[in-house]
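Enquirer: In order, the protein sequences belong to chains W and C. FYI, in this note's numbering the residues of the first sequence are 37 to 461. FYI, in this note's numbering the residues of the second sequence are 37 to 461.
What the hints contain is simulated information worked out from the structure, not anything from laboratory work. Ideal placement from N, C-alpha and C gives every residue a C-beta, glycine not left out. Don't take every hint at face value.
Unchecked claim - Output of the computed footprint for chain W on chain C, the stretches with three or more beta carbons under 8 angstroms from beta carbons of chain W:
(1) 54-61
(2) 82-92
(3) 171-177
(4) 429-436
Protein chains: 2
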Amino acid sequence: MRAAILSTGDELTTGRTLDTNANYIADQLLANGFEVVAMMTVGDYPERIETAWRTLFEQAEIVIGTGGLGPTADDLTTETVARMLGVPLISDQATANKIRGFFEAMGRQMPANNLKQALFPEGATILENDMGTAPGFRFQFPSPRGALHGVVMPGVPREMKHLMADRVLPWLQALRSADEAWRSHTFQTFGISESALDEMVADAVDPTAVRLAFRAAFPQISLRVTVQGHPGDLEARLAGAAAAIRERLGEYCYAEGDMTMEGEVGRLLAAGGATIAVAESCTGGLVAHRLTNIAGSSAYVLGGVVAYSNEIKQSALGVDAATLARHGAVSTEVAEEMARGVRRATGADYGLATTGIAGPGGGSAEKPVGTVCIAIDGPSGAHSHRYQLWGNREWVKLLASQIALDWVRRAVLGQDPSASAVLRR
Amino acid sequence: MRAAILSTGDELTTGRTLDTNANYIADQLLANGFEVVAMMTVGDYPERIETAWRTLFEQAEIVIGTGGLGPTADDLTTETVARMLGVPLISDQATANKIRGFFEAMGRQMPANNLKQALFPEGATILENDMGTAPGFRFQFPSPRGALHGVVMPGVPREMKHLMADRVLPWLQALRSADEAWRSHTFQTFGISESALDEMVADAVDPTAVRLAFRAAFPQISLRVTVQGHPGDLEARLAGAAAAIRERLGEYCYAEGDMTMEGEVGRLLAAGGATIAVAESCTGGLVAHRLTNIAGSSAYVLGGVVAYSNEIKQSALGVDAATLARHGAVSTEVAEEMARGVRRATGADYGLATTGIAGPGGGSAEKPVGTVCIAIDGPSGAHSHRYQLWGNREWVKLLASQIALDWVRRAVLGQDPSASAVLRR
Numbered sequence: 037m038r039a040a041i042l043s044t045g046d047e048l049t050t051g052r053t054l055d056t057n058a059n060y061i062a063d064q065l066l067a068n069g070f071e072v073v074a075m076m077t078v079g080d081y082p083e084r085i086e087t088a089w090r091t092l093f094e095q096a097e098i099v100i101g102t103g104g105l106g107p108t109a110d111d112l113t114t115e116t117v118a119r120m121l122g123v124p125l126i127s128d129q130a131t132a133n134k135i136r137g138f139f140e141a142m143g144r145q146m147p148a149n150n151l152k153q154a155l156f157p158e159g160a161t162i163l164e165n166d167m168g169t170a171p172g173f174r175f176q177f178p179s180p181r182g183a184l185h186g187v188v189m190p191g192v193p194r195e196m197k198h199l200m201a202d203r204v205l206p207w208l209q210a211l212r213s214a215d216e217a218w219r220s221h222t223f224q225t226f227g228i229s230e231s232a233l234d235e236m237v238a239d240a241v242d243p244t245a246v247r248l249a250f251r252a253a254f255p256q257i258s259l260r261v262t263v264q265g266h267p268g269d270l271e272a273r274l275a276g277a278a279a280a281i282r283e284r285l286g287e288y289c290y291a292e293g294d295m296t297m298e299g300e301v302g303r304l305l306a307a308g309g310a311t312i313a314v315a316e317s318c319t320g321g322l323v324a325h326r327l328t329n330i331a332g333s334s335a336y337v338l339g340g341v342v343a344y345s346n347e348i349k350q351s352a353l354g355v356d357a358a359t360l361a362r363h364g365a366v367s368t369e370v371a372e373e374m375a376r377g378v379r380r381a382t383g384a385d386y387g388l389a390t391t392g393i394a395g396p397g398g399g400s401a402e403k404p405v406g407t408v409c410i411a412i413d414g415p416s417g418a419h420s421h422r423y424q425l426w427g428n429r430e431w432v433k434l435l436a437s438q439i440a441l442d443w444v445r446r447a448v449l450g451q452d453p454s455a456s457a458v459l460r461r
Numbered sequence: 037m038r039a040a041i042l043s044t045g046d047e048l049t050t051g052r053t054l055d056t057n058a059n060y061i062a063d064q065l066l067a068n069g070f071e072v073v074a075m076m077t078v079g080d081y082p083e084r085i086e087t088a089w090r091t092l093f094e095q096a097e098i099v100i101g102t103g104g105l106g107p108t109a110d111d112l113t114t115e116t117v118a119r120m121l122g123v124p125l126i127s128d129q130a131t132a133n134k135i136r137g138f139f140e141a142m143g144r145q146m147p148a149n150n151l152k153q154a155l156f157p158e159g160a161t162i163l164e165n166d167m168g169t170a171p172g173f174r175f176q177f178p179s180p181r182g183a184l185h186g187v188v189m190p191g192v193p194r195e196m197k198h199l200m201a202d203r204v205l206p207w208l209q210a211l212r213s214a215d216e217a218w219r220s221h222t223f224q225t226f227g228i229s230e231s232a233l234d235e236m237v238a239d240a241v242d243p244t245a246v247r248l249a250f251r252a253a254f255p256q257i258s259l260r261v262t263v264q265g266h267p268g269d270l271e272a273r274l275a276g277a278a279a280a281i282r283e284r285l286g287e288y289c290y291a292e293g294d295m296t297m298e299g300e301v302g303r304l305l306a307a308g309g310a311t312i313a314v315a316e317s318c319t320g321g322l323v324a325h326r327l328t329n330i331a332g333s334s335a336y337v338l339g340g341v342v343a344y345s346n347e348i349k350q351s352a353l354g355v356d357a358a359t360l361a362r363h364g365a366v367s368t369e370v371a372e373e374m375a376r377g378v379r380r381a382t383g384a385d386y387g388l389a390t391t392g393i394a395g396p397g398g399g400s401a402e403k404p405v406g407t408v409c410i411a412i413d414g415p416s417g418a419h420s421h422r423y424q425l426w427g428n429r430e431w432v433k434l435l436a437s438q439i440a441l442d443w444v445r446r447a448v449l450g451q452d453p454s455a456s457a458v459l460r461r
């Protein structure tokens, strides 16, 4: 079945917001065996929204839309869809009560226009949204080509992803005919470029039987392996293809399935009953933030120190003034003392440290912007390494945090942490 | 004049690559007074590409396309445009020579299909590309609505940006009639819902003369005020509308223009020559990460402590064991001791602290998930407050970090920090 994606919002057509929703939905549709024939974006004008829906339904049997479900006057999707379908808007009592309850729980007066979010085109199926006040909905209508299906979700990425996973994908899977099944398996990689990855796995599988899709979501690249056909032998075919890819990827694959680096690090620490503390200079709290994004991380994250100034490196982490003077704050020597210091101060099993120059200022000929030193101190001793990273401030922080987390993963697995991230471009 | 944007490529419709070109072009068009009425993305199929061009020309006088100009068989834009225009493809000798020279200079044999990049629809104006082998081109054709204009550029962002700046924008500026211009001004708000904001400003300006656009990028909501018309009085009309909105927003507006909360906090700290250190429990490093995302933040961020465990709250921040025992780790009393402790340990002018329950576990009847205490200790003394936030772990962390940053902003401005965020219970 052919699908299309519609993104609605002035913030998109004016270039103020980068649309990541359409990209995410396209990837999910591909993984579930739907071909995306077109993606479209329009601003908050009823006639443009209606034209877009009609245009996309001429090319696809399923149109998935985001945006325009908010409570304000420029949120026009619901009434536009109702007009296109020629049906009235109906208020859903359960949704209205939920919205009222949401404001009551906050002890706030509900603005009257919020009840707009309880209106749906007659006949639509409501997609309950546990993450916000605006539910999504789906609808269908007949055409000479057969039934056409529309889905509408809020434009807030978090809410959209929740609705995709919980309400939309299960429905899409049921919609697809039974003799046309798909199975896929995902590998998460780090430390290798997309083109090098492509070369590495190019002839590992038969391209007419197995589809490989790369997706670069910096700083990790995922590789999805998909097989399609009769349900009978799909699992066996997928297992064979995955085994061939797994062998090629080797240590560049840090996890399989839907797993982040911080999730994998947390899983390994929790499984081993180990604890960690971090001492961050150039990453400025990002490593601790990522570690503590994982639910249950208080079981293994003791805490950390953001040591931006040299004084704090000395007072909180016990870095030697002589080491700072001799090697400079950005050095493997200082990184090791930071890692050892935070480990000692907290009693953690692993002490992890970053120090570097995120830029744009602060670089020198000897230590240009992007110079980053990582160190870990743990049960098997101390390791450190100096990297030359690239890109802007945000990019250097993110890449340094990824390498640092990969060091923990490798250390817990008993590998040499400094083997991390060849970053072949 | 109305404009539309077309992005071409299978890598976009399969979700493999995030399309940043359309966002960039939309922003550039807006800045130059063109309204983008639609954006569309299609894969590398001639019929889909032609349908997209035709669809967009129905809605806009200018269509700007990217992608499909490469040398390979799936690069189909040029031949599709020629077919749509009903004109033959003509080889451009100068371009062909340049492509041959490019390969000669590298000492490589030129694959024959590269000469495809020297073909253009008859009558097209070539847009020379100094950054790659594929030039762009533009074309025009008559319609009952007047002349319609098309632009085609390579999909490589670097080459597209170069052609936009050097070839496309100067031509667009010449095309625009002198009596049609746009001006806009943006307000950044926090602590108020989008719908309440809408009600607050609803009748502040004449909606037929001033356009208001909200953008919720959690946890902040921006409001853009736009006026359109003859260039002569635009600045005065914008200033009048902005003044009316500014008065309504009051203290909910934390900054004007393109400014984040951490950017505004940094600006205020730097301007006042003040320093800050943070003690984070539930935000787990996110406040420090956001503060240090700002270039130059090492001038005012001394550092911080991520105090996840009670032991670190005591050892690194000097929180009293008795306070922990009496009030629990999530309390305004502990938050104040954390803020005071990090200020004392670092010598910062401001000590900022967060402690709370981000969830999903760890809540109780008395202190449910989302309970967050914020404290600041500074030149004008200590303040603290307990908030009841909501949502999942990521949301609680993000919202708590935003409130904490707003506390710094208010403290530096000499306001009562605990007046921040009506979002509290």
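Enquirer: State for each hint whether it applies.
Expert: Against the structure, the hints:
1. Given as covered by chain W, the stretch 54-61 of chain C passes the check, having 7 residues with a CB less than 8 angstroms from a CB of that chain where 3 are the minimum.
2. With 4 residues having a beta carbon nearer than 8 angstroms to a beta carbon of chain W, the stretch 82-92 of chain C meets the requirement of three or more and the stated coverage holds.
3. With 0 residues having a beta carbon nearer than 8 angstroms to a beta carbon of chain W, the stretch 171-177 of chain C misses the requirement of three or more and the stated coverage is violated.
4. Residues of the stretch 429-436 of chain C lying with their CB closer than 8 angstroms to a CB of chain W number 4, which satisfies the three-residue condition for coverage.
When held up to the earlier numbered hints, the structure conflicts with hint 3 and nothing else.
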